[in-house]
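Participant: First to last, the sequence lines map onto chains W, A, V and Z.
Basically the numbering used here = 1-based index in the first sequence + 43.
Basically the numbering used here = 1-based index in the second sequence + 43.
Basically the numbering used here = 1-based index in the third sequence + 43.
Basically the numbering used here = 1-based index in the fourth sequence + 43.
Honestly, I wouldn't trust all of these hints.
Heads up, the list lumps identical chains together, so a pair's fine if it works in one copy or across two of them.
[Said to hold, decoys possible] Pairs of lysine-lysine, BS3-like flavour, derived with a Cα cap of 25 Å:
hint: 1; residue 1: Lys240; residue 2: Lys301
hint: 2; residue 1: Lys189; residue 2: Lys402
hint: 3; residue 1: Lys50; residue 2: Lys402
hint: 4; residue 1: Lys139; residue 2: Lys368
hint: 5; residue 1: Lys241; residue 2: Lys301
hint: 6; residue 1: Lys358; residue 2: Lys368
Just so you know, these hints were derived from the structure itself, not from any lab.
Computed from a predicted structure; not experimentally measured.
Protein chains: 4
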Amino acid sequence: MGNSIGKLFVVTSFGESHGRCVGVVVDGCPAGLPLSQADVQKELERRRPSSAAGGTARREQDRVEILSGLFSGFTTGAPICMLTWNKDSDSSVYEKFRSIPRPGQADYAAFIRYGGFNDYRGGGRFSGRITAGFVMAGAVALKLLKRAGVEVIAHTAQIGDVRAGSVTPAQMRKNAEGNAVKCADPKAASRMAALIKKVQKAGDSIGGIVEAVALNVPAGLGQPVFENLEGELARAFFSIPAVKGVEFGSGFAVAGMKGSENNDVFVSRGGKIVTLTNNAGGISGGISNGMPITAKVAFKPTASISMRQRSINLKTGKSVDLELKGRHDACIVPRAVPVVQSMMSVVLCDFCLRAGLLKEVLE
Amino acid sequence: MGNSIGKLFVVTSFGESHGRCVGVVVDGCPAGLPLSQADVQKELERRRPSSAAGGTARREQDRVEILSGLFSGFTTGAPICMLTWNKDSDSSVYEKFRSIPRPGQADYAAFIRYGGFNDYRGGGRFSGRITAGFVMAGAVALKLLKRAGVEVIAHTAQIGDVRAGSVTPAQMRKNAEGNAVKCADPKAASRMAALIKKVQKAGDSIGGIVEAVALNVPAGLGQPVFENLEGELARAFFSIPAVKGVEFGSGFAVAGMKGSENNDVFVSRGGKIVTLTNNAGGISGGISNGMPITAKVAFKPTASISMRQRSINLKTGKSVDLELKGRHDACIVPRAVPVVQSMMSVVLCDFCLRAGLLKEVLE
Amino acid sequence: MGNSIGKLFVVTSFGESHGRCVGVVVDGCPAGLPLSQADVQKELERRRPSSAAGGTARREQDRVEILSGLFSGFTTGAPICMLTWNKDSDSSVYEKFRSIPRPGQADYAAFIRYGGFNDYRGGGRFSGRITAGFVMAGAVALKLLKRAGVEVIAHTAQIGDVRAGSVTPAQMRKNAEGNAVKCADPKAASRMAALIKKVQKAGDSIGGIVEAVALNVPAGLGQPVFENLEGELARAFFSIPAVKGVEFGSGFAVAGMKGSENNDVFVSRGGKIVTLTNNAGGISGGISNGMPITAKVAFKPTASISMRQRSINLKTGKSVDLELKGRHDACIVPRAVPVVQSMMSVVLCDFCLRAGLLKEVLE
Amino acid sequence: MGNSIGKLFVVTSFGESHGRCVGVVVDGCPAGLPLSQADVQKELERRRPSSAAGGTARREQDRVEILSGLFSGFTTGAPICMLTWNKDSDSSVYEKFRSIPRPGQADYAAFIRYGGFNDYRGGGRFSGRITAGFVMAGAVALKLLKRAGVEVIAHTAQIGDVRAGSVTPAQMRKNAEGNAVKCADPKAASRMAALIKKVQKAGDSIGGIVEAVALNVPAGLGQPVFENLEGELARAFFSIPAVKGVEFGSGFAVAGMKGSENNDVFVSRGGKIVTLTNNAGGISGGISNGMPITAKVAFKPTASISMRQRSINLKTGKSVDLELKGRHDACIVPRAVPVVQSMMSVVLCDFCLRAGLLKEVLE
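One chain only, chain W, in its complex shape (with noise of 0.2 Å):
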């Protein structure tokens, strides 16, 4: 269980690393979408590893099938499942680390977890593969989006020590689909490319961190308590494998400051409500307040590095060194950006959805 998010937008994930496929079913979507195969697509592609980032040399085609839910190119209001079938894994690395944990992994928790039945061969379940199908799911919510006028956008923030300068939601728009980090900020994409070269070289890895933004999001979606706003997209962002920070707003930061600094003073711009600042990231209370809701999510560095690490033999109990030859990235952020833009799409449909939003713009 587990694999489904959502509740009246409800994704389901399937598939694994190095078995058929990897798959979603979306079910929710409102019937009279035009839908096409392209369009999904589209977004698949933005996923798909660019060398020019240390992206892994395994090159999926990435080709996604709609198997049900479309009909004369309209969704039928009936659960949308797509796939894209699993063509270049090569699983004769892995067999050998089955009871040697890979660390940073899961596999020792899967281990444990599945009783040693869990598909190991290139992370399995765990693997960053399985997010192919978030973006499947995403680019159906993005649709959807639009047709309510929302937008989500998202570029990479922060690469290891390099951090992209403040951008505006139009510069996001423009530039962070024109470099191979996905930085709206030029000059930093530069350094960040740079840096994962770096690392690259080394055999090892980098962190980083994504920011996303909705725009036009109307105020008062989300559910106090336990639904709210920030719950539901935090823990949709967390099911990204490599997270382990998310933050809205000015997030941490707020930490530090006082009241008077960071409460947001609302003034009236041509007749809409709108605060100064934006602390809250667009929202309070858990629920949109018409402002633009901004995220950041933090991803760890690929654990699968090829310097050598140490590690224990379950079996033996004995210490033992590890090398990786498998493929893998060097820095997984660039690639997790439409990821996560993904997700917050489809967190913000079920919102839409249950405020009677989109059925509305569809009729």
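Following the hints, complete the assembly by docking chains A, V and Z onto the known chain W.
Facilitator: Same frame as chain W, but now just chains A, V and Z:
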């Protein structure tokens, strides 16, 4: 909707700051747990305001009453309804702010969300006061977890720019309740208390961070991908008012780390598999790995401050000055310590039940 | 767990027959519905026992108290906690039956399920008394549905071998409350009352059937395949103690029918699509089709009878004779009429909210 | 939404009658269960149409493919996606019925529900064909239950006015698969087959009843009040197309019974507590009591008949005559036997997992 959390251990919250009561229904507690009103009262006391830590002047007795689910001193397996009657609420000051949203509060978002019908008195449903119910639920969860040998502890790790030094679980257990700010580092505690006094005097407020640790959690809890341990914990933490960030293990710091630094190395210690470091915060691939689960939760400064602030009159659309004379905490963080602890316990209880653990403990 | 029902209109039940109270939390009622204690009390009165219909001698006042979710006479969008305090419980007779399960009751199953910790007094959590909470929730649902123009009515269709003749909705509305057995067919009502008297005199009890109809339900409600209207209604009905069967439209009779008899033929009446017959009971493919939704719910005879019965002593394993002196209903069916109506209303409310209907009605 | 069922054993259905495939995702199956494509295929075969029982002329091979969740012949704990590709669909006949709803079908309700965007071909999502997915899920559940010693069997209890005599579980196990109508009473089976032939010849169809029994279910499964065993089973049964009634134990007959007749008397048999009768159908207070769980499920006659019928043209609003030339079953009941069995198994699996039972079995 949205006022329930959990799958097998389900907590439903109800009540308002200035309504008749604040309460909770705990559904899913196995039968046979010894439980008394005193067990719950003890935890509630820890949440009460301390004037030494800038706590509100509102003095609720917070006497818990258990209305159901208990028989002859044991839980029966039936839902446990608990509440505390509100006695010291003063709603007089709130009437005039009905159309003037207080900065940093949920007033405006709630107004839009509920079409003006929400109970605005004292923040109503958005008040920190509803967390009294969270703590009641947490008291049950803590007792249950103790049966499984799991311990959940917490303390104040940061107030404003004052950070606690690194503390061991033993210190946290021993020192956290020894001072008004609930910080396990006594030196930092004094400076935190002084800082709170200072901002309180200025009519301002200050934010901070609560750190929580779960010890002795068995490896193998958690459901990848969408109901993983981090996601469910984060969702629970974000249901606490004023939380703007959540991280596990090394959290946001992982963004600046290399894989070779961040990967926790497995070793065998006394026949048990452990890791030398705990950057993962006890969770790998969303599943507990047997190491302590560590989380940090960032709280923004209390939105209610007595300094003059600007806002807008929703009826006239004009900017106005605003002075709040309600009773409020200059820093909510010390009182949030048992709340964070409670939500962590509630989630872990749920996962223990899913894993069939507590059942065995009880019978 | 298992004490909540609904997705967007969530009802959580708590309380026991001889505990402090019986209550309910209704979460998901939109803000802005006028609601008073009297609205709920009115429905509760309909559930009270009538000696003319063999009702129990236990005389609870059943005064509802609304503890939360209401402000200035309107719902606020916050969870509505309602309860009634138990005042006339007499637990003295139950102690000796602790180890002797009463035939037809849940005693034995509950003993096993809860390891002997369940509150056995008066049936505890399994008592029909908990349906007082169902009716409180139903009162809110009925008011909400009225806003959408939906009406839910019910009556006693059968007691023992006495069957009501076919009645129109108008007759049901008019006559059902006019007699103690709540049967819309006055002639049958008299015979039902006489039958109940007779079995009561013999120290026995008798079963029956409640029929419920929802009028003016818009076509298009329901979610195939697993959250369809029939399935969700059936689940709600089976949560009422003593229910052993549920059917829609022609129900079990369809087993003996041919397609040419059972298929409802579409015609146009005043511009509206209707069917000439309603064998489908207003539900096709799990979705409302615009015709009245009709359901029948079968209740077994009250298990508590004063006749001598055989049972077994769980401690000794020996057969014993058993005489029950508690106060009980000779026929539960008339009192179940408002309960069935309530559960039908609760489910329809949920589906209306999913379809975005009630939202529009309120604003 | 609405295409998932279960809490810990979650089944998500997808696919359409004339789309690319029909499938299912089973989430929550514990790791370590031996499972092969053949295990699932075997159950699917039981659902295939038999011309001897009036089955449809559509001849789908129904070869199952398992796409995920399996590794080296064992389940891995990951979601199991299974499907069968549609090969023999003929959509040509359906185009003209797009605006003429077929009597007894979901056409009209679906048209309203989905604004005309639903895939109407062959009934689309409302076709009995989607139950192929139910049977795939059931095959997994049946294997799991066997581990816990639980057996679920079913047979055809009634077709039209032909009722099977009372049969023992042993007869059901032995005889149900021995004839085309899947009735455990061989004499009744012949008359049923003859009746089906007769209505088929007349271009008509006929309804019936499936009876299911779960043996060796441990006492104590079920969650009162809203997630009780009867309610959850009923919801699962009503998700099968054409079901109009569900009853447990003596079912609707209890309406005519007295308490002294209906109460099942406890006795001790070989150290085990049993009841002399089983009017409760193995469920007391919503909880299993250790006796066989018995259910009856009423199916309406197939809506598709080749006799001329009246309907209405939704565009013109005029009555029209309608003749259906599609391929369809004259009686769906025999093919529904494995489907009822599957849904019962799916629900019982969920409850066994909630009770922590299957976990122990596997490890």
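Participant: Each hint: holds or not?
Facilitator: Do the hints match the structure? See the list:
1. Lys240 <-> Lys301: between (41 Å within a copy, 13 Å between copies)
2. Lys189 <-> Lys402: both (13 Å within a copy, 22 Å between copies)
3. Lys50 <-> Lys402: both (15 Å within a copy, 18 Å between copies)
4. Lys139 <-> Lys368: Intra 11 Å, inter 60 Å, cutoff 25 Å: intra-copy only.
5. Lys241 <-> Lys301: between (40 Å within a copy, 11 Å between copies)
6. Lys358 <-> Lys368: Within one copy, since 22 Å is at most 25 Å while 65 Å is not.
No hint from the list above goes unmet by this structure.
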